[in-house]
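Asks: One line per chain: the protein sequences are A and B, in this order. When we follow the working numbering, the leftmost residue of the first sequence carries the number 2, and every step to the right adds one. When we follow the working numbering, the leftmost residue of the second sequence carries the number 2, and every step to the right adds one.
These aren't lab readings, by the way, just hints derived from the structure by calculation. Treat the hints with caution; some may be incorrect.
Copies of the same chain are indistinguishable here, so a pair counts whether it falls within one copy or spans any two.
[As the list claims (entries may be wrong)] With a straight-line cut-off of 20 Å between C-alpha atoms, the simulated PhoX-like cross-links for lysine-lysine are: (1) K170 to K361; (2) K133 to K245; (3) K361 to K220; (4) K81 to K220; (5) K133 to K180; (6) K245 to K57; (7) K19 to K170; (8) K362 to K133; (9) K361 to K390; (10) K239 to K220; (11) K245 to K220; (12) K361 to K57; (13) K57 to K180; (14) K13 to K133; (15) K19 to K133; (16) K362 to K390; (17) K239 to K180; (18) K57 to K19; (19) K13 to K245.
2 protein chains.
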Amino acid sequence: MSNVRGNDTLAKVVALCKRRGFVFQSSEIYDGINGFWDYGPYGVTLRRSVEQLWWKHMVEDRDNVVGLDSTIICNPRVWKASGHLDQFSDLMTDCLDCRRRFRVDQMEDPGTCPECGSKQMTEPREFNLMMKTFVGPVFDEEHAAYLRAETCQPIFVDFDQVRIASRQKLPFGIAQTGKAFRNEINPRFFTFRSREFVQMEMEFFCRADEAMAWYDYWKAERWSFYRDLLRFPEETLKIHEHEKLAHYAQAALDIEYAFPFGWGEIEGIHHRGTWDMGRHGEFSGRDLSYFDQEHNERFLPTVVETSCGLDRICLALLCRGYREDMAATQKEGRDEDVRVLLSLPPLVSPVQVAVLPLVKKLGETAAGLFRDLRRRWRTEYDEGGSIGKRYRRQDEIGTPFCVTVDYESLEDRAVTVRHRDSMTQDRVGMDALVGYLAERLV
Amino acid sequence: MSNVRGNDTLAKVVALCKRRGFVFQSSEIYDGINGFWDYGPYGVTLRRSVEQLWWKHMVEDRDNVVGLDSTIICNPRVWKASGHLDQFSDLMTDCLDCRRRFRVDQMEDPGTCPECGSKQMTEPREFNLMMKTFVGPVFDEEHAAYLRAETCQPIFVDFDQVRIASRQKLPFGIAQTGKAFRNEINPRFFTFRSREFVQMEMEFFCRADEAMAWYDYWKAERWSFYRDLLRFPEETLKIHEHEKLAHYAQAALDIEYAFPFGWGEIEGIHHRGTWDMGRHGEFSGRDLSYFDQEHNERFLPTVVETSCGLDRICLALLCRGYREDMAATQKEGRDEDVRVLLSLPPLVSPVQVAVLPLVKKLGETAAGLFRDLRRRWRTEYDEGGSIGKRYRRQDEIGTPFCVTVDYESLEDRAVTVRHRDSMTQDRVGMDALVGYLAERLV
């Protein structure tokens, strides 16, 4: 089986996503809008499954992490305190002749317009990446507000409310998933760098002297999430330890995935110290310190953060899963073209089982099986077209198991289970089918 | 048991929501931001559960409805075509003396300032309720974009992409849940009218001559969702048929709930005709018509919409569930104050089972039970404080069942199951506990 890896893999993934309705351009009939992507039926299911897996792993299965869902728009002073209003920006310059705007760090010669060659460029100035809006009846600076650039700041802001209501003691975490917005100058690499995206963040509050131990703990937990739950082979992941630290960080690393366009960050783990809690305490005038009864001490909590991009994880799954396969196709007696398959982990595959009657007159038996299986798994029923075409379609949407009902099934009460990746087939009694699938759909 | 119904119920619900971390003001440490509410640990779980219930009922359990997740920001021409840019507005007037702005339909005398009494009021003008932002490197009208005012428009816009990729034929539906934004002049009634909220919408595409039958079908389905799944008593719900129809509607009704502040819409069901598809076809220049092979006809699909507000449903559940109960409290030997309880349906209660060891030394047995139960249900373990106080807390967060491990449990391998609403207690063998709860947690 040949794995397609290289420059054109991303283009093939983009084409598959559009063809099968995973992800496509937002407002496509209006020529789209740069940096915004919609998730179609299979894409929504994939994304919901990954999000739910994260939520279960990070919140539901733990006693020391609780959930939050804050608004996208919050009081603008949050972004003053966080530093985003002053520092979350790119240096830009305008051409006075053609009136275009450019990022200085992407220009070969900042004094020359890359578009028209003019030397009439303005002094570089900061262009803030936060999207601005207005709340209330007047559109002036007093009513300006911002779409959150990250989901973590409201967690710091709500820390005391959540801590008191949930009766948590340090160490404990607060997690949330939700949309964030950045007015990226150059959105690119499909959903990798877009302007609207879903973050999944967890802020873990602890004592300063325990923070490095928690940092290591969460590094191991998050690595395991990708390796053991999402089944990424270890060689497709790497840890990138930051040498140069952001102003808020005392230690930081990225988990990167080997995208077709190079290594790209899918998660950041940051020891943020007391920076955020200190800033919000200072700017709000509230005492955000914590009294540790055990040690009889009052201090600002130290924060260890795990922050990942749901869209990037889905893109990594799609890129990782995309394969083209010629030899195996010929095995099934079709040699006119390559087999495209999406090898997604069964836990997050949009369709986990497909039920396919060989011919329509077997539909009654097949429909009975379908009704039974769909109560347990995401199941699709398809009776249209040749069985080969139907297999091909399920391969493309990443269905790990196809259950085929044939003429013999009426005699032997058994069905054929075809495995997506290996194309091997097992004959399984209908009574044993649920058990057979349950063992493998994990 | 006395049901608290009246003017102060909402205030009590708001207080409970803050105290127990269900819902509280966004950015509270910065004095909040009017019309924005954050969901804390129990609130998130309630909201996620209701959303998942809707998604299962509307998408996963049906073969003829598929999911979508479109971006909040889309091409602004979508809102030109939908009519929102031109018509989604309130009439406002400004006072030239005190410089305040007012909604004309809420003023007793539109010519007089309600604030300072001045007669120097501007001519009334339209104030658009959509929140505006800018996408790209320049903040001018060419780069203006809007936060979606409703989740349904992108469904119409993506109709063809979704239809082709999912191989659906009419009649079928497309559903999505997600944030919408309206710059309401007067947010009020807690989360009932806020500026950022979650919609759950389904657009059902069909032939014109079948639309009224589908309208009736969805009316029945959605009524059943509230009555049978969310367990609202029928007398707390009513159907309000619209006599005056919006420009896009051929028939419309609201499902209303008896909130403490009066009847309020929680869902709208609309026969939208071909209005939306016609407008988007016209404005995009694309042919959005559908070819019906069975009837050999080409036509614009007619749309029947079901549209509800997730925050409003949660608020209805909280208001419906809130009770104060004096007599029952005395039954448990506590007479110093009333018992507050939140009678939520077990399916969506943030905590479904609480495991409470009578004293800490019974913790080992209790913790074993807890580990077993949490694999099946949302389960909380609490060993702090008197058993009465722990019951009281679980009552307030709406936990339907408390499982108490006492000294006798070590002998008889049985536990006490206490019912939230009736306060009755059953002795149940530990081996039979999962079965006992499974029957009741539906």
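Asks: A separate judgement is required for each hint: does it hold in the structure or not?
Replies: A quick look at each hint next to the structure:
In the homo-oligomer, the alpha carbons of K170 and K361 lie at most 20 Å apart only across protomers (18 Å), although the nearest pairing inside one protomer, at 61 Å, exceeds that limit. In the homo-oligomer, the alpha carbons of K133 and K245 never lie at most 20 Å apart, since the shortest distance is 30 Å inside one protomer and 37 Å across protomers. Taking CA atoms no more than 20 Å apart as the test, K361 paired with K220 passes in neither setting, with 52 Å inside one copy and 34 Å between copies. Taking the shortest alpha-carbon separations for K81 and K220, neither the intra-copy value of 30 Å nor the inter-copy value of 47 Å comes in at or below 20 Å.
Taking identical chains as interchangeable, the C-alpha atoms of K133 and K180 lie at most 20 Å apart whether they share a chain (15 Å) or sit on different chains (17 Å). Taking the shortest Cα distances, K245 and K57 never come within 20 Å of each other, neither inside one copy (33 Å) nor across copies (46 Å). For a Cα distance limit of 20 Å, the shortest separation of K19 from K170 across copies, 19 Å, qualifies, whereas the shortest one inside one copy, 47 Å, does not. Within a single copy, K362 and K133 get their C-alpha atoms no closer than 59 Å, and across copies no closer than 56 Å, so neither meets the 20 Å cut-off.
Taking identical chains as interchangeable, the C-alpha atoms of K361 and K390 lie at most 20 Å apart only when both belong to the same chain, with a minimum of 15 Å there against 62 Å between chains. Taking the closest pair of Cα atoms, K239 and K220 come within 20 Å of each other only inside a single copy of the chain (12 Å); across copies the shortest separation is 52 Å, beyond that limit. With identical chains, the CA atoms of K245 and K220 are at most 20 Å apart within one copy only, with a shortest distance of 19 Å there and 59 Å across copies. Proximity of K361 and K57 under a CA criterion of 20 Å is satisfied in neither setting, with 40 Å inside one chain copy and 28 Å between copies.
When the C-alpha separation of K57 and K180 is checked against a cutoff of 20 Å, the pair qualifies only within one copy, where the shortest distance is 19 Å, while the shortest distance between copies is 22 Å. When the C-alpha separation of K13 and K133 is checked against a cutoff of 20 Å, the pair qualifies neither within a copy, at 35 Å, nor between copies, at 35 Å. Taking the shortest alpha-carbon separations for K19 and K133, neither the intra-copy value of 31 Å nor the inter-copy value of 29 Å comes in at or below 20 Å. Proximity of K362 and K390 under a CA criterion of 20 Å is satisfied intra-copy only: 18 Å inside one chain copy versus 63 Å between copies.
Taking CA atoms no more than 20 Å apart as the test, K239 paired with K180 passes in neither setting, with 26 Å inside one copy and 34 Å between copies. Neither within a single protomer nor between protomers do K57 and K19 lie at most 20 Å apart by alpha-carbon distance, with minima of 29 Å and 25 Å respectively. Proximity of K13 to K245 under the C-alpha cut-off of 20 Å is found in neither arrangement, the shortest distances being 36 Å within a copy and 51 Å between copies.
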